[in-house]
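Asks: With the working numbering applied, the sequence shown corresponds to residues 465 to 548, in that order.
Estimated spans, in silico, between C-beta atoms of each pair:
1) Lys548 - Gly490: 27 to 35 Å
2) Pro526 - Arg487: 17 to 25 Å
3) Ala470 - Glu541: 13 to 21 Å
Calculated directly from the structure, the hints in this document are not laboratory data. Cβ coordinates follow ideal geometry from the N, Cα and C atoms, glycine included.
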Amino acid sequence: AAALLAAPSPREVLDGVREEVGRVLGSPSPPLKVPVRDLGMDSVGAVDLRIALERRFGVALPATLVFEAPSIHAMAERVGQNLK
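With these hints in hand, go ahead and build the complete structure from the sequences.
Replies: See the structure below:
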């Protein structure tokens, strides 16, 4: 039987979301509470980010993620909710 992997902690989710946003934006440590669109995220980047987060955390996220959860902090909360 395959071992079950422990779900990432809220801090690991936050760090992972921040890392992916930073990769998309080309910024090593984007601020946690500023809307990513204000940091330069465009629609292509938003799609790239959603796909990266789905792959990284194994969750399904809405195409409207950056509108519904505009900051890194809000996205991490949304990802965390979907992990449960």
